[in-house]
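**Student:** Here's the letter readout for the chains.
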Amino acid sequence: GAVVSQHPSWVICKSGTSVKIECRSLDFQATTMFWYRQFPKQSLMLMATSNEGSKATYEQGVEKDKFLINHASLTLSTLTVTSAHPEDSSFYICSARDFKSPQETQYFGPGTRLLVL
Amino acid sequence: DAKTTQPNSMESNEEEPVHLPCNHSTISGTDYIHWYRQLPSQGPEYVIHGLTSNVNNRMASLAIAEDRKSSTLILHRATLRDAAVYYCILDNNAGNMLTFGGGTRLMVKP
Chain X
1 GAVVSQHPSW VICKSGTSVK IECRSLDFQA TTMFWYRQFP KQSLMLMATS NEGSKATYEQ
61 GVEKDKFLIN HASLTLSTLT VTSAHPEDSS FYICSARDFK SPQETQYFGP GTRLLVL
Chain D
1 DAKTTQPNSM ESNEEEPVHL PCNHSTISGT DYIHWYRQLP SQGPEYVIHG LTSNVNNRMA
61 SLAIAEDRKS STLILHRATL RDAAVYYCIL DNNAGNMLTF GGGTRLMVKP
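Going line by line, the protein sequences match chains X and D. Residue numbers for the first sequence follow our numbering, beginning at 1 and rising by one. Residue numbers for the second sequence follow our numbering, beginning at 1 and rising by one.
Treat the hints as calculated values from the structure; they're not laboratory data. Be aware that a few hints might be false.
Not the full set, but computed from the structure, chain X residues with beta-carbon under 8 Å of chain D [unchecked claim]:
| no. | residue |
| --- | --- |
| 1 | Phe34 |
| 2 | Leu44 |
| 3 | Thr49 |
| 4 | Leu74 |
| 5 | Ser89 |
| 6 | Thr105 |
| 7 | Gln106 |
| 8 | Phe108 |
| 9 | Pro110 |
| 10 | Gly111 |
Each residue gets a CB set at the ideal place from its N, CA and C atoms; glycine is no exception.
Okay, chain X solo, but in the shape it has when bound (with noise of 0.2 Å):
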């Protein structure tokens, strides 16, 4: 099936710092990725839609501005936390869907645990 990867794995960071964290679809394009946290004990949130060559669409509550996402190629969306603060610290997973077939399944990466100390 398809793949989905997501790169660090894991981070620990200092509180202040920014974090970038990428994710690829590996064989199939995606014109849309999605962007979900989750919080310990709790379900998957959408943060955000990512949407390639245009600006990401942004869940009410979300801070645009403290999470960059920027979708610059059909493979590739990267979503950076700026300024890390530890209430940020949580599990971060992107999904995409293939483009061509729209349809079908949508497919997650494996997660990127965020420590922010």
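Got chain X sorted already, so can you dock chain D onto it with the hints?
**Tutor:** Frame of chain X; chain D shown alone:
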């Protein structure tokens, strides 16, 4: 978005079948029923999906009620590796995001 309702948790014995229920009484005619599962510390993994007819694949079976207001994911022989949170999600297949509910945490006892 149409919502789904699932039990918070279920237990099963290894090697026995598991039936995971999902209610989706407000499902629309264009909504597909998708099931994903999430193993600990991993991203969700696709399990199965269907529209009206029952579906089978190598991982599981999906039984859909005639009125489509409920469905059941069937794992024919649970293994310890099937312990995960199972999410039942409605998707109109318009390329939009998936909305996750609380899911069912399946525990498999040896």
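**Student:** For the hint on X:Pro110, does the least C-beta distance to chain D fall short of 8 Å?
**Tutor:** Because about 5 Å separates X:Pro110 from the closest Cβ in chain D, which is inside the 8 Å limit, the hint holds.
**Student:** Would the hint on X:Leu74 stand, with a C-beta cut-off of 8 Å toward chain D?
**Tutor:** Check failed: Cβ of X:Leu74 comes no nearer than 14 Å to chain D, outside 8 Å.
**Student:** So, X:Phe108 near chain D? Judge it on the closest CB pair being under 8 Å.
**Tutor:** holds, 4 Å
**Student:** Have a go at the X:Thr105 hint: is there a Cβ in chain D nearer than 8 Å to its own Cβ?
**Tutor:** Nearest chain D Cβ about 5 Å off; hint holds.
**Student:** Next item in the hint list is X:Gly111. Is there a CB on chain D closer than 8 Å to its CB?
**Tutor:** holds, 5 Å
**Student:** Given X:Ser89 as an interface hint, is its Cβ closer than 8 Å to any Cβ of chain D?
**Tutor:** violated, 14 Å
**Student:** With 8 Å as the cut and Cβ atoms as the points, is X:Gln106 at the interface with chain D?
**Tutor:** holds, 6 Å
**Student:** Quick check on the hint: X:Thr49 CB to chain D CB, less than 8 Å?
**Tutor:** holds, 6 Å
**Student:** Let me know if the C-beta of X:Leu44 comes in closer than 8 Å to any C-beta of chain D, holds or violated.
**Tutor:** This hint holds: X:Leu44 lies near chain D, its Cβ roughly 4 Å from the closest one there, short of 8 Å.
**Student:** Hey, does the X:Phe34 contact hint survive, CB to chain D under 8 Å?
**Tutor:** holds, 5 Å
In terms of the numbered hints stated before, the structure departs from hints 4 and 5, listed from lowest to highest.
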